[in-house]
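Q: Spelled out from the first residue to the last, the chains are:
2 protein chains.
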Amino acid sequence: MRLAIVRLSNSSPTPPLQAHDQAMNKIQPRTLKGFRDFLPPAASSREWLISTAREVYRSFGFVPIDTPALEHLDILVGKGGAESDKQMYRFTDPGGREVGMRFDLTIPFARFASQHIGELGTPFKRYHSGTVWRGENTQRGRYREFMQCDFDTIGTTSLVADIETLQVIHDLILACGLDDFCVRVNNRKVLTGLFERLELVDSASAVLRALDKLDKVGPDKVAAEMVSAAGASETQAREVLSLALLEGTNGTVLEALGPLVNQSETGAAGLAELQSLLQGAAAAGLPEKRVRLDVSIARGLDYYTGTVFETILGELPGIGSICSGGRYDNLAELYTKQRLPGVGASLGVDRLLAALEELGRLDQRASCAPIFVPYFDADRRDSYLGLCAELRRAGLAVEFYPEAKKLGAQLKYADRRGFSLAVIVGVREWESGICSVKNLATGESDEVQLADLAQDLRHKTGQ
Amino acid sequence: MRLAIVRLSNSSPTPPLQAHDQAMNKIQPRTLKGFRDFLPPAASSREWLISTAREVYRSFGFVPIDTPALEHLDILVGKGGAESDKQMYRFTDPGGREVGMRFDLTIPFARFASQHIGELGTPFKRYHSGTVWRGENTQRGRYREFMQCDFDTIGTTSLVADIETLQVIHDLILACGLDDFCVRVNNRKVLTGLFERLELVDSASAVLRALDKLDKVGPDKVAAEMVSAAGASETQAREVLSLALLEGTNGTVLEALGPLVNQSETGAAGLAELQSLLQGAAAAGLPEKRVRLDVSIARGLDYYTGTVFETILGELPGIGSICSGGRYDNLAELYTKQRLPGVGASLGVDRLLAALEELGRLDQRASCAPIFVPYFDADRRDSYLGLCAELRRAGLAVEFYPEAKKLGAQLKYADRRGFSLAVIVGVREWESGICSVKNLATGESDEVQLADLAQDLRHKTGQ
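So the protein sequences, as listed, match chains A and B. The first sequence begins at 1 in the working numbering and counts up by one. The second sequence begins at 1 in the working numbering and counts up by one.
So that you can see chain A by itself, here it is in the shape it has in the complex:
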C-alpha cells in the first residue's frame, strides 16, 4: 500500500560535499495558510473527544455513516448560500468533472439520505464525524480545514427525537468532564407566531438576522437594525425584543409567552411543543439549570422550523455555542420528492477542544503509553522484548526504548514524553529477578519481583 519513493540521491553513500549541494535543493516543509498539523497531544485529544462523542451517540442508537470528501459540484453549489459558494474548494478533476470539497456534513447527508433512505428505512438515526473545508478568511483565527461531528434523527416528526437530541448533547458535554453548561432552547414557531401577530412575517428573515446579534451588540442596536434593515416600526421592534428578553425559570417564561403568541395558531403550537419538550427533558433527568428556554435563540434563517438550540459553557460563554442545531421540515428536498423531516445537531469539535484546553481539562498524559521500559543491559535485548510482550499480553501499554543508551538519557526521553512509570531492569535485576518500578512524577521507586510485575503495574496504573 505504501508507495516507493523516488529518492533524489542514488543509493551509494553520500559524501559530505554532495549532502551540502543537496541541501540547496531542499523543498521548504510548510503547511498551507489556514491548515495545520496535529502534533501528538492535540491529535490524542481530538481522538479522545471523537470517541467519547461516538460512545454517547451509540448509547442512544445512533449509527455511523461516511460520505466522500469530494462531491459533484452541482450537489454542493448554491446549497449553503453565497458565502459557502465563495469559500468552497472546487476544481475540475483529472476526468474532467466539476467537483467540490464538502464544506459541511449536512448537504452530503441530504444527498446520502435521498440516495439510500429506501434501504435504510425510517426513522434513521446517524452520526457522522468528518473533515470539512472552507476557504475562509483566516484572520478571525479560523481554520480552513476542520472537523465536524453531526448527529440527526430523520423520518419522524415526534418530539421524542427533539428531546433525545437535548439528552445527547447533555450526556456528551458531561462525558467530556464539563458540568457547568446550558443548552438554550427555543422554537421557531414561537417567533413565527409573534411575527404573525405583529404582521412582520414578510420581514421575518431580516428581523431574525438582527435578533441573532442580541448577545453581541445589545438590545438598542438590534432594535435600530430591525427598523433600518427589516422595515419594522419602533413598536414592532420593541415587541420582538420584549419577547426575546423574557427571563426567569422555564415555567415563568412559558407563562409569559402565552399572551404574546397564543393568538397565532403557529405560535400556540410552538409554545405547546416547547412545553412538552421541557417536560420530557425533565422526565429524562436533565436538570433545569442545564436546559433553559431562551426566546432570543433563532439559529440561522430559513432552515429550522421547530425546536432550535445552542450550547453555552458557563465558564467560557465567550467562545460561543459548542453544539447547535434544531428541527427541520425536510432534509433533502433538493434531491428527492420523499419528505424527510428531522432534528439534529452539529458538535463543534475544534471549539470544544479549545475550550477544554483553556479550562485545563485535557489530560496530556493520556497521549502516551503509561509504562516505559528503558533498554539498560545491552546484552539482554531479547529478555526485554519478552518481558514487554508479556506485560502487553496482560493488557498493559508499554513502550520499550529501542537503543541501549545511558539510563539518564532514556529517562529524560521518558520524562519529555510524559510517561507515568518506568520499569528498570539492569544486569543485577535480571539476575535477582527483582526490578525497580519508578514513579516518574514523584521520583519514588519500588522493588518488585519480575513474576509479580504485571499485577503490580496494573494496580499502579489502574488498568
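Certain hints may be false.
Identical copies look the same in the list; a pair holds intra-copy or inter-copy alike.
Stated by the list, open to error - Calculated pairs, BS3-like style, for lysine-lysine (alpha carbon to alpha carbon, straight line, at most 27 Å): (1) K33 x K86; (2) K337 x K405; (3) K406 x K460; (4) K26 x K86; (5) K337 x K33; (6) K26 x K337; (7) K460 x K26; (8) K337 x K412; (9) K86 x K213; (10) K289 x K213; (11) K412 x K460.
Derived from the structure by calculation, the hints contain no laboratory data.
Given the coordinates of chain A, assemble chain B onto it according to the supplied hints.
A: Using the frame of chain A, we list chain B on its own:
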C-alpha cells in the same frame, strides 16, 4: 456550526402540483465515480477496525498525529513517481496557490517530521490514520478515496524498532480475530549482497521489478524478464531465482543464504540483521509460523534499505498483503538535512475490511445499540424517557422508538436494525412494575421487575 440552508421553496405549505413541478428540478443525488458512501454496517466496521488498530499502536507507545488533506503542490509532486503525479487531485485554490490532495500518508509525514522533529525529539513513534485520494483507474475495483493507517518509528537504526513493527502487525491482525496469517520478512541488504556477488548492482531496480512478479507469473517468466528487461544473463537470472525460491524453516533458509551472500559485506550484514530480527521476534513470543523469512519479498524499488515485510492471510492469500512496510535510511531528505532513519508499515484498512467481510468475521450486530425499547403506551412518553435515561446511566446502550406506533411495526424496525433485546413495557406493565425482556433472535421472553431491569440487561448483554 451548522449552515443555514437556502431552501428552494418558501415556507408556506406546498400543494401537490407544485411538489410535482419541483420534482422536475431535483438534482440527481449521486457520488463521483470511484467514490462511495459508507452505510452504517460498513462505517461501523471501519470505525471498529481503526480503533482496534489504535489500541494496539498505543500499547507499544505510538502516538497519533494528523496532517492536512491539502498540501502545497511542490511538497507532493514528483515524490511518489510519475503514476502518483498523474493520479493526484491538484488545483489552484481560491487564494491562487497550487495545491494537491495527499495520495499517501508517507510524504505528508516526511514533511511533518522535517518541520517538527526538533520539538518532537527522537526516537519518535507515530501512527496516522487518514483518507488519501488517487484518481486511479477504477476498473480494477479500486477506489479513488480510501483510508490508510500507517505507523513508523523514526530517529533510530536499532533493530528493536524493526522487531516491534513485526510485533505490532502480529498483535493487530490477531486483535482483528484472525489467527491464520503470516508476516513475510526479508532484508534488502541480502538481495543487494547477491547482486554484488553477481555483478548485477547496476540492474538492481529492473531485476527487483521482475522479481516482484514471482507470485503472479512464476519463475520462468521472471527469469525471462530479468534477461530481456534487466540485461541479466541466463545464469545470473537463475542465481537470483534460486535465492528467491529458497524454502524451509527460517533456520534452514538462513543457513542456505550464507554461501549465497556472505562474500559481500552488505549481504553478510543483511543476513546478520535477519538472524537477529527473527531471534528477537521469537523472544517476543511471535510463533515461527506467523513470521517467515521469504527471500522473494522485495517491496518496491528504491525506498527501503533494510528489513522489508508484507502480511498474507492464510485463508485469503489472493487479496495480497494487508500490511506492508520496511526500513528506510532517511525519511525526509527532500525537506531537511537532518537524517531520519526509520521503519514502519501501512495497514490496508479497506483491504483488511474486505477480507474480514469475506471471511464472515465482521459482527454486524455491533452496528447498533443492543437494547430496543418500543414506545408502546402512548400516554407514558415521559416514563419511557425516564426509564431509558436510567438504563443509560447504568452504562447500557438503549434506543427508544420515537413514535407510539403498533408494537408489530416497531419490532419489525428493531429486527431490521439487528437489535438483540427488546424491553416491552405496556399499560399493564407500567402498572404492575414488571416488564417483558424479549430476545429478538430466539423470540423468547422473560418477565423482569422494572427495579431489577438494569442489572438483568447488563447480565444479558454482557455489559
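Q: Next step is simple, just say for each hint if it's right about the structure.
A: These are the hints, each one checked on the structure:
| no. | hint | verdict |
| --- | --- | --- |
| 1 | K33 x K86 | both (17 Å within a copy, 25 Å between copies) |
| 2 | K337 x K405 | between (69 Å within a copy, 24 Å between copies) |
| 3 | K406 x K460 | within (26 Å within a copy, 53 Å between copies) |
| 4 | K26 x K86 | between (34 Å within a copy, 23 Å between copies) |
| 5 | K337 x K33 | between (41 Å within a copy, 24 Å between copies) |
| 6 | K26 x K337 | between (56 Å within a copy, 8 Å between copies) |
| 7 | K460 x K26 | neither (48 Å within a copy, 61 Å between copies) |
| 8 | K337 x K412 | between (64 Å within a copy, 25 Å between copies) |
| 9 | K86 x K213 | within (23 Å within a copy, 49 Å between copies) |
| 10 | K289 x K213 | within (24 Å within a copy, 68 Å between copies) |
| 11 | K412 x K460 | within (21 Å within a copy, 48 Å between copies) |
Figure legend: structure checked against the earlier numbered hints; the only hint not met is number 7.
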